[in-house]
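A.B. asks: The residues making up each chain are set out below.
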Amino acid sequence: MSYKLNSFSRGAVCATLLASALTVLMPAVSFAQTTLNVAQRQDPQNLDPIDTFSLSWGSIASNIFEGLVFRGEDLQLQPGLATSWEFLDNETRIRFNLRKGVAFHNGEPFNADAVKYTFDRLLGAEGEKGPQRSNYTSIKEVVVVDAHTVDFLMERPDPVLITKLAGYGAMIVPPKYIEEVGEEAFDLKPVGTGPFEVAEYTPTVGAKLAKSDTYWNGEAKVDAVNIRFISEDATRIAELLSGGVDIALNIPKPSVETIRENERVDLVAVDGPTVVITRFNTETGITQDPRVRRAIALAIDTDAIIESLLGGLASPISSAQGEKSFGNAPDLTPYAYDPEQARALLAEAGIAPGTEITLDFPGNYDTFREVSQVLAAYLDMVGLKLNVRPHENSVYYNDIQPNGKTGELYYFGWGGWTFDFDNTAYLLYHTGERQNAYISDEKLDALLESQRTTYDTDVRRKALQDVARYSYENTLDLPLYNEATLYGVSTRVEGFVPAPDDRARYMNVTVK
Amino acid sequence: MSDIKPKTSWFLRFFISRYASFEFIVGTFLTVTLVLLVLFASILFPDGATKVNLAARLTEPFQSSEFFLGTDPLGRDILARIVHGGKISLLVGLLSALGAVVVGTVVGLYAGYYRGWLDTFVMRFADIQLALPFILLAITIIAIVGPGTDRIIILMIVSQWVQYARLVRGAVLSLREREFVQAARSYGLSNTKIIFSHILPNAMGPLIILLTLNVANNILLESSLTFLGLGADPQTPSWGGMLSEGRNYVQTAWWVTVFPGIAIMLTVLGLNLLGDWLRDELDPLGHTR
Chain A
1 MSYKLNSFSR GAVCATLLAS ALTVLMPAVS FAQTTLNVAQ RQDPQNLDPI
51 DTFSLSWGSI ASNIFEGLVF RGEDLQLQPG LATSWEFLDN ETRIRFNLRK
101 GVAFHNGEPF NADAVKYTFD RLLGAEGEKG PQRSNYTSIK EVVVVDAHTV
151 DFLMERPDPV LITKLAGYGA MIVPPKYIEE VGEEAFDLKP VGTGPFEVAE
201 YTPTVGAKLA KSDTYWNGEA KVDAVNIRFI SEDATRIAEL LSGGVDIALN
251 IPKPSVETIR ENERVDLVAV DGPTVVITRF NTETGITQDP RVRRAIALAI
301 DTDAIIESLL GGLASPISSA QGEKSFGNAP DLTPYAYDPE QARALLAEAG
351 IAPGTEITLD FPGNYDTFRE VSQVLAAYLD MVGLKLNVRP HENSVYYNDI
401 QPNGKTGELY YFGWGGWTFD FDNTAYLLYH TGERQNAYIS DEKLDALLES
451 QRTTYDTDVR RKALQDVARY SYENTLDLPL YNEATLYGVS TRVEGFVPAP
501 DDRARYMNVT VK
Chain B
1 MSDIKPKTSW FLRFFISRYA SFEFIVGTFL TVTLVLLVLF ASILFPDGAT
51 KVNLAARLTE PFQSSEFFLG TDPLGRDILA RIVHGGKISL LVGLLSALGA
101 VVVGTVVGLY AGYYRGWLDT FVMRFADIQL ALPFILLAIT IIAIVGPGTD
151 RIIILMIVSQ WVQYARLVRG AVLSLREREF VQAARSYGLS NTKIIFSHIL
201 PNAMGPLIIL LTLNVANNIL LESSLTFLGL GADPQTPSWG GMLSEGRNYV
251 QTAWWVTVFP GIAIMLTVLG LNLLGDWLRD ELDPLGHTR
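Chains as they are written, first to last, in my numbering: chain A, 1 to 512; chain B, 1 to 289.
It is worth saying that the hints were derived from the structure and are not from the lab.
Don't take every hint at face value.
Below, simulated BS3-like cross-link-like pairs (lysine-lysine); rule was C-alpha separation at most 25 Å, straight line [what the hints assert, rightly or not]:
1) A:K221 / A:K100
2) A:K221 / A:K512
3) B:K87 / A:K385
4) A:K189 / A:K129
5) A:K221 / A:K208
6) A:K221 / A:K176
7) A:K189 / A:K208
8) B:K51 / A:K253
9) A:K385 / B:K193
Here are some, though not all, of the chain B residues that point toward chain A, as calculated from beta-carbon distances under 10 Å [to be verified]:
10) K51
11) V52
12) R76
13) L230
14) P234
15) S244
16) E245
17) Y249
18) V250
19) Q251
In this text, a Cβ means the ideal position worked out from N, Cα and C, and glycines have one as well.
So here's chain B without its partners, still in its complex pose (with noise of 0.2 Å):
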């Protein structure tokens, strides 16, 4: 940001920078950790989270290098099961976040531009949607189509591009009013440019901290789900999963919920603390919320 720079090591600029925020610091350590674990899962333990192995099922954690977290009642290795099952959460949380953030933001952005009945029609709409308690809207499409990673995907876009279509609407209203927008107008600009290139970078901030806080929640979603049976199929390692499989041995075998339960919990914590900073930095005055 500044153009002077002070002849400091850069470990100090570091540290005076707007960077040694503690959630910055602890939110990408987390964040970067889990993405590199998850992209390395394969090479890492190549055929380790479903080789079942009923000789040492129920193994305790920390007794062997074999088995560092313990095994499951089949006896399949958990750190392994925890690494792979990372893929099914972060592919769940930011696939489905994408994919609501662009379907909410452009009907957003229109529907807030251009007002009239699309306007009406959207938003009463999305009123209906906000409605629906989620879990009881997949438990009813799951019944029907199904159970599959595929299908939550689809089912949480369904359910939350709502939420980005209101926010960014909100922020479109107020910005279609502001000089620079009527200027590039006067300027003769197509609606679509307007749209895009003026009205839309200007909405980016909340919509950004909205994304990191909704991909920690559908990881969270997804858990629930596959705990419900309404996720990824047993075979495929996902953390709900290993919840929902694990509860019944909670009293002799705990670290068969244990573990993943802390996946589950540092993984949101990471990016709830990401997203905290990003708010911070993107808006610190504190105007949205």
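Here chain A stands alone, though its shape is the one from the complex (with noise of 0.2 Å):
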């Protein structure tokens, strides 16, 4: 069938072509304007600082806000709203000096009062309806010396204090703006010094944030990122792949696959804070006995469950920590494995084979309900028969594990951001802490609480190391692995740099 057009409408379809491939072109040609569009899964539901410690916060927050100190991709911690700080008064005052010529989005100039201000708000009654306000209350008062100067008055030492003053709570917000709009505005438009300032942010939908003109420290290099929340991985994973997204954060294991074989897209993964580790009973059973511990840390391959299992993207762990946390012990290695040695040591505690023992774990999560399986296997090797039991979650962490309730082992997955093992180490075992059941050791009391009274790192490092390489003695824990953080990018966008604790940052992002 063909169709004959008369010059009318002949001249018509011309001119429609030729306007829709204006209306096309024209965007591209006189604004030539470049937005990055990203995907993540979670929507942290309020911007506001003092709110949240969702990670994914901290993957929208840390293109808006910025803190006294900045820490990036690196992990070195260097000046940021601050251009220097110092310890008076025998450690229990430091001081700040702040950076000139900053303003926040709105024009609102920072100076000391407004750092005074957003620490009065996180330590007061507005903090105190947020989960951040108990990360900072070794701080006593913020006291403004003059313009540019601050003075950090201390309630008791805090050596993490530093580290934490780059992330979350901390951030520094605007007086001004807060007092005018409110603290429900605040909320979904905030105002900050960073990078991009929010130009639209509509829960559950996405945030859009635009590149900020006064930027004191550069020029972000597109003029918008779309940050679009789908909580749904395939859908996520399919949008990356078909070039709907360009960044595609909080990548599931199975979908790693996908990701590597399409050329489009690169998968890019790095260290992240997060350990997995199956504790022991140490006070009930026959993991009394560290020998029986250690047999059951050198019958599992890990190195085996995590290139085939985990696909290679994650890292072996001596401690319940990563290479990247300080306090990491780089002489310990991981447990080899051995299985001759594990069933010589369970011979030598007098366990018959076939003995039964139990692994609780949350249920919902994927990765470790496969790893618990393969434990089992790899435990059947050697003569103990292991009973894989899920929980629901809440049952687990309410009930099971801090009533110690727990079969002979039992999941453990931890990591804080500050990648500081002491936020680890304490919860893990020192003496009476909620998830702790069964630990009780003096000399890990001791050494624990010997490294919170000091700001001296060398001291701290050493007091930690020696926690760690006092539980790898005693194998107090079976270390399995760190798990990586994981991104799906595409290939057009260039100069993105992963973050290891999902806090993205796009300043430096160009897309082709």
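Make one complex out of these two single chains by using the hints.
C.D. replies: This is how it looks when you write it as structure tokens:
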């Protein structure tokens, strides 16, 4: 079938085509607006720094806010909104010299008043409503010295404070703006000093960020970042593969192959903060005996688990921390796979072949569900029958683990964005911690407490390494792996540096 | 049935008989195959179902005779797991339906025969229970008592006896007024004897139909609950658990979920066809629905 057009309609068609071509071309030619499209799993539901501890907040707000201290993807602490700091009065007072000529997105100047307001708000009634306040209660008060100098008066020593000033609750907020618009409006459209400002935030849908023209430390390379919340893993991956988004966060392990096989998308992995270990019940059952614990540790081939089950996207660990963690002891090597030795130790401890032990874990963690069955297979080879017992999440964390109702083995997964072993070690080994039902050891308590009262990094590092070494020698835990943080990045994207802690920053990213 | 036996071969007789129906042949074939596989599971696959073999993880199907239907993310043989998994499905399906039918029938018989406060109480209780969504009830109870196959069976009995009780009670209400029951009563038979020897046999038809359909339904339910992580523990192979474990791999390894899915489908289909055939047999006029 063929159509013949008369001259009038031919002209009309041409005009239409031309017009549509122009409308398509025009934005590209005249505005050259570049937008980076990002997809992440979760909506933080609130952009206010003091109202959240969600990683999904970090991957948006690290582009909007800044702290006195800056910590980038290499995890080194650098001057941020403060140019320098010093410890005074026997380390009870920390003086921060503030950067001059910095303004919030709304034009309000950044100065000592803003810093004081930020911490008064965090430590006051408004901060009490959120989860961030408890991380900063070592600060007694912030005192304004002059317009560009503040003093932090300390309630007690807090060696991790400087790190904590680089994130979350310590992000500097504008006093006038909050007074003007109110707390609720600030939750949805906050103002910071960072390289991007919030153009639009729609809960459950996404956040649109626009380049800030007044940023003090250079200029973002894209004009806008469009972050969408796509909770369904398969949908987020599909958007990445089809080119709908340029960067996808929170890549689940089973999708790794799909991304690796696609040539327009790269998989970017970096060691994350989260470690997965199984802990021993050191109080009852056969795991009271350190020889049995060591035997179990030697019976597991963690390298094989990492290589095959986790696709190589995790690192072996010797204690409950990754290589990047402050307090990691590099001289400790992960327990080597040695089933012979394991069998010998079990025989020495008088454990009959076929003895049954139990592993408890929260059942909704798919990867560990698989890992647990591999553990069972390995233990079977040395003559231990491992029963795996999954629990409903809240039952596990509120009852089984804190109340010591576990079997001989139980799951523990943890990682703080501070990458400081204090965070994990204290709640694993200090007597009376909620999630530590079994271990009470004077030596560990003393080590853990000693490093909390000094700012001397060498002393602290040694104390934390000693904790790791003590745990290793007595096989208090069976360290499994340090999970990688995974990003799917389109090959059109350049300059993206993956953040280990999910606090992705888009300032230096370009899109071809 | 018939006393006249024409001299034709058994083969021809079979095909002109009522057993020649599509439902009967396919339904029997599927169900018998399943039962045989399950009965001989440990002989067919002595240790294949739980043996982890990381070197052979996610082997594609139809490539080797060792792993005919491929392997799952832990390198376990999917065919062996399906056959062993059938044990759980069949066990849960049969035991829960049988348990419910026994409890429900007894309650229904007594409630319908004696009426009075027992009837009112039991039936109001049944109404309340029918209003509770099963999955919600299951999630709540499992959260309290912990997961396990035995608990699933008990949970199903507790929530399903109601259907049988209502069905039986309905039948008893009309049967108890019938002449043969009155005759039995005037004959001086005890109530228990009347209930179990005269009323129950006449209420059996719909009961058996409901039973077959419920077995199929419960196999599906068990799969759903295990899929949600409420059923069998991860080491025990079960069809729902296999689906649950495989769903993250759908894009790269379809066989991990597709084959257990087909197993569930064929089993439920077989039992449903048998149920349909039984309904036609026991109630050709369609009195019961």
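A.B. asks: Would you check the hint for K51 of chain B and K253 of chain A, treating anything up to 25 Å between C-alpha atoms as holding?
C.D. replies: Holds: K51 of chain B and K253 of chain A sit about 23 Å apart, inside 25 Å.
A.B. asks: With chain A as the partner, please determine if R76 of chain B meets the hint condition of a C-beta pair closer than 10 Å.
C.D. replies: Hint holds; R76 of chain B Cβ to chain A Cβ min 9 Å, cut 10 Å.
A.B. asks: Between the alpha carbons of K221 of chain A and K208 of chain A, is the straight-line distance 25 Å or under?
C.D. replies: 16 Å, holds
A.B. asks: Under the criterion that the straight-line Cα-Cα distance not exceed 25 Å, is the pair K221 of chain A, K512 of chain A satisfied?
C.D. replies: Roughly 11 Å between the alpha carbons, so the hint for K221 of chain A and K512 of chain A holds.
A.B. asks: A closest beta-carbon separation below 10 Å is what the hint needs, so does V250 of chain B meet it against chain A?
C.D. replies: Holds: closest Cβ of chain A sits about 8 Å from V250 of chain B, inside 10 Å.
A.B. asks: Regarding the pair K189 of chain A and K129 of chain A, is the alpha-carbon distance no greater than 25 Å?
C.D. replies: Measuring from Cα to Cα gives roughly 19 Å; hence the hint holds.
A.B. asks: Have a go at the P234 of chain B hint: is there a Cβ in chain A nearer than 10 Å to its own Cβ?
C.D. replies: 6 Å, holds
A.B. asks: Hint E245 of chain B vs chain A: min CB-CB distance below 10 Å?
C.D. replies: 7 Å, holds
A.B. asks: Are the Cα atoms of K189 of chain A and K208 of chain A separated by 25 Å or less?
C.D. replies: Within the cut-off at roughly 11 Å; holds.
A.B. asks: Holds or violated: Q251 of chain B as interface residue toward chain A, Cβ cutoff 10 Å?
C.D. replies: Holds, about 5 Å.
A.B. asks: Does L230 of chain B hold up as a contact with chain A if the rule is Cβ-Cβ below 10 Å?
C.D. replies: 8 Å, holds
A.B. asks: Just to be careful, I want the Cα atoms of K221 of chain A and K176 of chain A compared with a cutoff of 25 Å; is the pair within it?
C.D. replies: Given that 25 Å is the threshold and the Cα spacing comes to 29 Å, the pair is violated.
In this structure, the hints that do not hold are numbers 6, 9, in rising order.
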